[in-house]
Amino acid sequence: MEQFKMPYFYNYPPYFTLQPVKDTREKQIQLWKELILKYCKHYKVFVINLDEDFPLFVNSAIERKLSHEARELFLGALIAEGKAEWLDKAHRKCLILWRSVTDWANLILEFVKEYGFEEGVMTLEEIRTGDETRGTDLAGIDKTVLVRALKILEQKGKAAMFKGTAADDEGVKFSA
Amino acid sequence: MDKIWPGILKPVQLTGAGRPVLHPSEIECQLVDAVEMQLEAGVTLPPFRNTLVILTTHRIIYVDENAKSAGSITLGSVCRTFPPKKSFKSIFACPKMRIQLWSKKGSVVEDAASASESGITVVMIFRGQTSPDAFVTKLGEVLEAKAWEADLKNSRVGSENSLDGGDAKTSTSRLGPANNFASTPQVRKLNPAMAGVAGILRKEKEQLDLADKNLQEAFSDLNALMSKAKEMVNLAERMRIKLLAAPSQQTSTADEEEVGKQDIQELLLSVGIVSPVTKESAGALYHQQLARQLADFVKIPLQKSGGMLAMVDAYCLFNRARGTELISPEDLLQACSIWGTIDVQVAMRRFDSGVLVIQSKSHSDEEVSMRLEILVKQPEAMRQGITASDAARALGLAPALAKEHLLAAEMRGQLCRDDGADGLRFFLNILIDLDVSTAFQ
Amino acid sequence: MRKRPGLAGLQAAAANRDQFRSLGEDVAKARTDLMKEQLSVFRTQLEEFARKHKNDIRKNPAFRAQFHAMCQKIGVDPLASNKGFWAELLGIGDFYYELGVQIVDVCLATRPHNGGLMDLEELRGHLMKRRRVSREAITEDDCIRAISKLKALGSGFEIFTVGNRRLVRSVPTELNKDHNQIIEAAQSEGYVTAEDIVNRFSWRRGRVVDALETLMKDGLVMVDDGHPDGKRRYWFPCVNTMDVDPDESAGTAT
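Chains as they are written, first to last, in our numbering: chain F, 1 to 176; chain Z, 1001 to 1441; chain G, 2001 to 2254.
Think of the hints as simulated: they come from the structure by calculation, not from any bench. Be careful, since some hints might not be right.
Pairs of lysine-lysine, DSBU-like flavour, derived with a Cα cap of 30 angstroms [to be verified]:
hint	chain 1	residue 1	chain 2	residue 2
1	F	K93	F	K41
2	G	K2029	Z	K1213
3	Z	K1146	G	K2054
4	G	K2129	Z	K1242
5	F	K5	F	K158
6	F	K143	F	K41
7	G	K2029	Z	K1146
Using the sequences provided together with the hints, build the complete structure.
Have a look at this one:
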């Protein structure tokens, strides 16, 4: 995969320190929100775990990293905008919605139409890692995000999820 | 005071803050404001209204604070004074005081001896709220003390003394036994072939004994010390010179009574204010005059510290220079707050952090901001930022105060901070100008 | 001199020189001793007068100037008011103001050495030395009261407690909790290493280094890389009871 091209201010040390002055901090938060979304989209990262080091938050070239306070603040700002969600009560795992669930649902619909699955059946695992989706944006989609997108389609009557025999063997029948 | 009365008043130089420049040994004694000055019949010169009058041990100085000019009468030229009359009628009129001066051919002269007449009389009309009583009393006292005469004599003695190299024999007669305190030139005169060690020591001892005796006399009571004050100052000066000249002894013990060379040098660092403005002498004019004296005083400390001085430091330095005439922190602040209303080149400033400083007006925020901008835009600083110490060097300030400037610049959005493992560093705030929609392209 | 001196003559001259030299040294020493004694008397008297006759001295501006000149020339601090009854009771009078000025004075003089942070006890020692004549002891409480009178001059001059010590801060340094804990940890030895702090408080190393670097930047810490174990030692002049006197400090450092 092609390497993500960091913006030039990524190597500016103050970018990694929470700015105490309001105006500067607000701009800093905006820049970080944007960078997190772009970075996650590029590498198809859906979850940031605060208990683990996340490469974006550590810049070894200038020996700077974001404090925990800063990480939580930036993710919090994304959450406030509906572009991220906590996955756990402890607020350690954060789901990054660099594409909204609705957009994901639309994307699935487009795929279904384009590849002729209008009346077809697929397992969720097939959508995520199967040959059919390889090379499309759907490849590697986070399961939580996928289920939520399919639920939207269900509500529109364009898909129906069903349980398979095994617990992790779920499928979907499209009816576009 | 556009034009000083020629031949009557002598022009007086004013400091930057508008206080008269005094002679080295001249002391300010009493101040009174709102005085109108006229000349009595015979001379037709326009009166001066609303002047500030400063009585010193040597002169009566008239200051026109608006026109920033001043003139003086030397006390030596005062022939007679006529204090205000105390009568029932005078209750309703402004008190007047007449001062008759020695003169010659219509011009005031400095002493009675060279005068041919006493034809010039200055009338002072006290139009202010303050009673002139204190002024009148003090004027009587300083005329009595004749400090200007002693000064003349001393300057004569001083010059002769320096000519003969302070030889003990000749100066004894003039200055009294205090001068017997062994002085350097005698060391060279020692002739070992003529005197034994014991003899030399005995002679030394005798001289020191005399000084001892003199010390004892001078310190027997306050009046004795007052009358011998000049000699004691000279003695102190000689001791200081010798002590500073003597090689410092490494072996000496850190005895409590040990006279440290360092002590003396340290105390000498303070710039002495010979004539501090006091509540007693200035009365209602106290804070205003204090403000002016302080403005003059801080000029040099400000220069030394890059145009900014912490208020606590200024408090200490100013009080040190005033000797025993301490002022309280409240008085200091009040004096500083008057700066806004008079024409001086300094100002008080409170940073957001609560730190109070005195800064010179040339040390403006715009200039500091400009210098910081240049500093942080250097390639090195763009990569690594600047510390308070870096800013301190560039601005010529103490690091603690430089940091206040950095924080203020940060507040303005000019700088931003990096609080990484290298400690707190400041960078040009490029973040604030970034546009999120274009910054990532 | 027409005739060249012979060997004996040279020897005699040399002997004479030695004799003169030792004579000169004796005289110089005797003179210095006597002068010191006299200076000490002078100082004692001046201090005594400053204390006893302060108000009279102040009443006479011309004499006051001469008195100041004497004090300044021979290094006597003219500020030596007794505490007195009213100062003790109500905190009024000149005592605390005078002490306040002397406190700032000491802090200014020692700032290059300690970065503006000083142990209250050490400060008290300096003050006692200055007021050598008035035998009245200056207590920590006196210092605290005197410093409280300086509060009006803007933040930055204050006393704070770290562990079991009270420190006087004379420059506006921001010390956070981390810094205070590190200073506290340094009290037993006078120094700490980063490892000490990591072990003691279980902080991340970065946090420790960060705090130490800040202290260093503020001039409150001096670095010592000379120890054989290779670990950098951070020395805190403010908690070291070492005096500014070089003899004593050499003793404490070992």
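Tested hints:
no.: 1; hint: K93(F) x K41(F); result: holds (17 angstroms)
no.: 2; hint: K2029(G) x K1213(Z); result: holds (22 angstroms)
no.: 3; hint: K1146(Z) x K2054(G); result: holds (24 angstroms)
no.: 4; hint: K2129(G) x K1242(Z); result: holds (23 angstroms)
no.: 5; hint: K5(F) x K158(F); result: violated (38 angstroms)
no.: 6; hint: K143(F) x K41(F); result: holds (16 angstroms)
no.: 7; hint: K2029(G) x K1146(Z); result: violated (43 angstroms)
Of the hints listed earlier, those the structure fails to meet are numbers 5, 7, in rising order.
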